[in-house]
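Once you've looked at the hints, dock chains B, C and D against the given chain A.
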Amino acid sequence: MGLESYVLIAGFLFCVGLYGILTRRNAIGVLVSVELLVNAANINLAAFAHFGRGLDGQVFVLFTTALTVAEVVVGLALVILLFRRRKDILLDLANGLKG
Amino acid sequence: MTLVTWALLALFVPLGVAAFIGLVVPLRRTGRPAALISVAGALVSLASAGMVLAGGSAALKPGVHATVGWLTAGTATAVGVHLDGTSAWMLLVVTLVATCVQIYSLGYLHDEPPPALGRYFTYQSLFLFAMNTLVLAPNLLQAFLGWELVGLVSYLLIGFYFRKPSAAKAAVKAFWVTKFADLGFLIGLVTLYAQTGGFEWTAVTPAATFVTLMLFFAVMGKSAQFPLHIWLPDAMEGPTPVSALLHAATMVAAGVFLIVRAEPLFEQAALTRDVMAYVGAFTALFAACVAVVQSDIKKVLAYSTCSQLGYMVAALGAGDTFAGYFHLSTHAFFKALLFLGAGSLIHAVHSNELKDMGGLFRKMPFSGTVFVVGALALAGVPPLAGFFSKDLILEAMHHHGLHVPLAALAIAAFLTAFYMTRTVMLALFGTPSHAAEHAHEPGIDMKLPLAVLALLAVGAGFLGGPLAGLTGHDYAFHFTPVGGAGTAIGLVGIGMGYFMFGPAQGGAAIKRGFAPVGAFIRYGLMDRLATVAYGIMLAVGAIIAWIDRYVIDGLMNWSGWILLVLGRRLRALQTGNVQDYVYAVALAVVVFGAWGILR
Amino acid sequence: MMERLFFGAVATVLIFSALMAVGTRNLVRAVLWLGLTLATTSMFYIMLHAPFLATLQLILYTGGVLSLMLFGVMLTRRSTEQHGVEVHNESNGQRRALPIVAVAVGLIVTAVGRTDLSTATPAAVSPETREIGQRILGTHLLAFEVLSVLLLAAMVGAIVIARRKDASLEGKDDPRDRAAALPGSRLSSERET
Amino acid sequence: MSEHILSVIVASPFLAALLIMLVPGDRHGPIRVLGFVGSVISLLGAIYVALHYDQARGGMQFGVVYPFIPRFGIDIRLAADGWSVALLLLTGIIMTAGSLASATLTNRPKEFYILLLVLVAGVFGVFVCQDLFIFFLFYEIAVLPMYLLIGIWGSKGKVAAAGPFKAVWRDLDVGGKEYAAMKLTLMLLVGSAAILVGMFAIYFAAGGKSFDMIALAKTHFPRDMQLWVFPMLWLGFGSLAGVFPFHTWSPDGHAAAPTAVSMLHAGVLMKLGAFGVMRVGMIILPEGAAAWAPVVGAVAALNVIYGAVSAMSQKDLKYVIAYSSVSHMGVVMLGAATLDTDGWNGAVYQMFAHGIMTGLFFALVGLIYERAHSRWVPSMGGFAKVMPGVAAFFTLAGLSSLGMPGSAGFVAEFLVFAGAWKSGNILWAIPAMIGAWVTAVYVLRATKMIFWGDGPSHEFHDLHDAKRVEWGALWILGTCIVLFGCAPRLVLDFIGTATGEYLPAIAKAAASIAPVALEIVK
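Residue numbers (the working numbering), protein chains in the order written: chain A, 1 to 99; chain B, 1 to 599; chain C, 1 to 193; chain D, 1 to 522.
Chain A extracted, bound-state conformation:
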């Protein structure tokens, strides 16, 4: 299988994630979509590492994984905070910064 297949699949995965971010009302749903985005990127990194005969791509995947974990942790903390304050976690209702 060529590099372009992986890149394409990763691209599709990314677009699905993008769609999710844009459309989900629930904050956890958005976090789920973010995971998809990160995964798409990871696939790309791994693919380029494989086809580019390097190891750095794999190392980056590790790093992004760690980053994602951090993101999920903080994100969930925020979601819980939001929930405590407002009793719901619908993003389109949490518009306190409306101008």
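Residues from chain B that keep clear of chain C, each with C-beta distances beyond 12 angstroms, as calculated:
#1 Phe20
#2 Val24
#3 Ser295
#4 Phe366
Pairs of lysine-lysine, BS3-like flavour, derived with a Cα cap of 25 angstroms:
#5 B:Lys169 <-> D:Lys385
#6 D:Lys448 <-> B:Lys169
#7 B:Lys164 <-> D:Lys448
#8 B:Lys299 <-> B:Lys447
#9 D:Lys315 <-> B:Lys164
#10 B:Lys299 <-> B:Lys164
#11 D:Lys110 <-> D:Lys156
#12 B:Lys355 <-> B:Lys511
#13 D:Lys448 <-> B:Lys299
#14 D:Lys315 <-> B:Lys169
#15 D:Lys467 <-> D:Lys385
#16 D:Lys156 <-> D:Lys315
#17 B:Lys164 <-> D:Lys385
Simulated from the structure, these hints should not be mistaken for lab results. Bear in mind that the values here come from a model prediction, so they are computed numbers and not experimental data. Each residue gets a CB set at the ideal place from its N, CA and C atoms; glycine is no exception.
For chains B, C and D alone, coordinates are given in the frame of chain A:
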């Protein structure tokens, strides 16, 4: 001690006194002690003035000059003292009258609360300083300083009873009118400065006509020449001694003194002299007419002052400086006397109105006598002081061929005698009014100055010769037809006055005939015009302020407001919804990505 | 040929599960679909000769992140109980999202099509995991350390964020704190102004 | 000591502000004392400078250079010439009086004093700074705290919504303190933008090597460049000097500002504008100045009479004084536009005289407002009975503002008029003189309406005269008015020294250039 030292003493002792009693508030609030200090200061000033005059008539001839750079180093903008016969004599006149008035005020203002009394004498001392500054001025610049300062003190003293709305009004009116006229002084000064680089009395410049016209405009304000005389009658709201000192004897005469001083300049300007002659003569006539119909004794005297100042200005316009200056001196004495005498009457009946007086001569023989002396001097009855100087003026007018002004002055002389007789008759003789029942003579502090001034009113005419010698003119009294005619006219006026307002109460037809004229004069056209002008000014101010507020500022606000509205619109973009922001990011990524890929 | 078939199957599962993860109305199911996506991704890693990554993906993502998210869903369950799961996991704004996503897909396809990637040939031997470790602690040591600091910060931050409201809810001594801690008080008041 | 005295003057308010930051906000006493001490040190420094400035030598003295950003030729160059001496004295006097006058402030004095002192440090900096960039920096430091000072400690005036932009009026809350603060800051910042453009134009036209103003003044700039840069500087700095039609921040701003801020703003800050026009605009760009002088003079004359006439029909006391400032700053600008020795001396002297006079005015207005709780002139009357001291000082300030001899105002106005006349600008001098007369009308009218007449109505029941430290402020300023009116050479000699050095170059430029309209036609 040198002459300059004496002059400086005369100048700065009153200033020191004013500062001392003005700034040491507890002292000022005690009233009488402050007043006595002020009188002492005036006496020192008077003595110094006497020493200047006595000590050096020979030294005075060439003039003594002592200056110090004021705005810059050097003499161009210097201040100091300039002593010659003219200023030395004027210094004496001013300090003498001022001393008399201050002593008189001790009695006259006896009932004032102590703080007010302290304030009054602070102003009095300040006035003496200001007037001496003007008199001793070595150049026009210092003259202007003194000129403005006396205007200031005049404002403060007219507004002495500041709780009275009419006094407050009169004070600001006096200040505004004279200050407006002073624009002329200022313009004259800066023109002179631009032309000659200095402010010398003796400057020679091609712009002399313009400069002198401007100076004369200022004189019209300060010396109450038509049509800028309107402040003077109102200024009678001040205490009577103030009227005597400032608004009769000295301050209003400052204008005349200025012209005398600036004689070299005025000599270069024939046009200005003509204007002066006509304006002066007209004022003399006009004010005399108005004086005839006044019912307030101080107003009579105020218009009389206007009229007499007109005489002086006319004389100076004729080019006879000495005549004007002589009349200035004699007038200072007898008009101060008249005012102080009137003050004594007012003090007795607590009213300015002639109708509240009447028959006071019997109750107050001393005051009555001195008042009559003053009136006779003013009417030009020989050999009292007014006779000589007025005679000289009429003769000067005739000599210089100014026949129209001469005629006006002659009529004015008749009217002067007439209205003074009327005043004397109404106030001192005739049927006593209710208020006059309890009138009594004032104390010695008021009598003494009256006596001094009365003597001078009688005798000052004979000082003409020495005075001429002092100031470098020639003068000896000799009988002339014009002068004689003037005196005769005056006597007729007295007779007429006695006929109409004396025991006979004759001339009812004349009174009836002139009633409309009197009504018109009392209407006070110039005053009303000034009020209208003031109203117009306020209206213009309101319009401009409105434009500034709502149009000019409005444009600013409007442009700011447009941005505000724009901002309100743009604000809607910040929905506060996270996904909208993500959407914007995604959109940007797509757009830039498309641009990058499809390019 | 087998490889192609296998790849196709995995890719289909991957995309389908991802679509379900963003499409399903039930939040718990969405998270589980995400788990499938993540697991499928690890298949990709194996195909890309990255077995270490595949293992890590399974353990860390499918094990850790997934359970964390499920916890999140459970902790915020009350809202789903009150309003119903379906309603709350609804999507909105599809109409404006779809064009963007479509354009993005088109762009990616165009980009991949225009770029010549066929020359890249895969490496013959798969790298050893030891090399990865050496690389991390060698060339990328700084990034690694920074990352650990970041993780620490995230941990502390998460605790602080999640705990702060606890304290103010519990701290009933100060009435102002309680007022501030009341649901929506601050946000609603800000909205009014 | 001598070479660091200017640094001391500029730094002492800064340091005082820093020290105040360390004091707890509820301890008002130490805060006030620190604020006062900081100002007094500056004043003493200014007096030291005045005593030790060598007039015979003239020029820039007490010079000191601290490198700042050498790459762009930006150094902190402090040096004082004769103008600086006069204006340092002024700032020291006003600030000392201002800190006394705000002794009764109880609302957040800590922050108030910090901002005030920072502002004053900026003012001092502008007056002694000889580096264009730092000059601008200090200028901004002086201008910006005003926003907070007015917005927080200000008060509201009555402004009716009317006129063609009525709806706008209601929307903006015209007359409110936030509005005033915002308007002032925005207008001055627009001016600053113009200054910035002009500044960089000068910098790059001179080769982009140095911001040293003394060197820049010796550089000859192309005529075309001078012709467009000068108006930028004129209007930029002019917006702070209240040049028509950019004066409208001034009435609202001064009316809304608290006492000490009004004093400083009208007394010192507006001078920065005029000072900037002369120091940066005219001295560095002599040909531009000469070409634009007729326009500057005409607008200045308009300012004088327009401000005076507007002041005449104001009912709010602070607005009266604020418009009088607009009018008097017109005299400064007129003096500057004469390009004549007397005119320039008069302009700088007017900055000095007006600063003291208006400082006194605003101090008094603050006193009256605090006691009467009203600034509405028509409702007042007879106050002299209960507050004779205030009445006396108000009269004194009024006399100075209308140019009474014996007060500092006379010297300044007289010199400006003389200069204008001498330089042939008679057409501008006459409106300005009439404006001075109108000043007499409105000042005495206000005095009459407030202090004279029948005693205060029962609405004003707790009026009383100035107390304790307030007397300090009044006496300092009142004494200065009389002192510098009677002995003008105390300050005028310094000013003259500097003017004498700068003017020949300007005169040479003026001889070589026609008024701007003709130049553009060419």
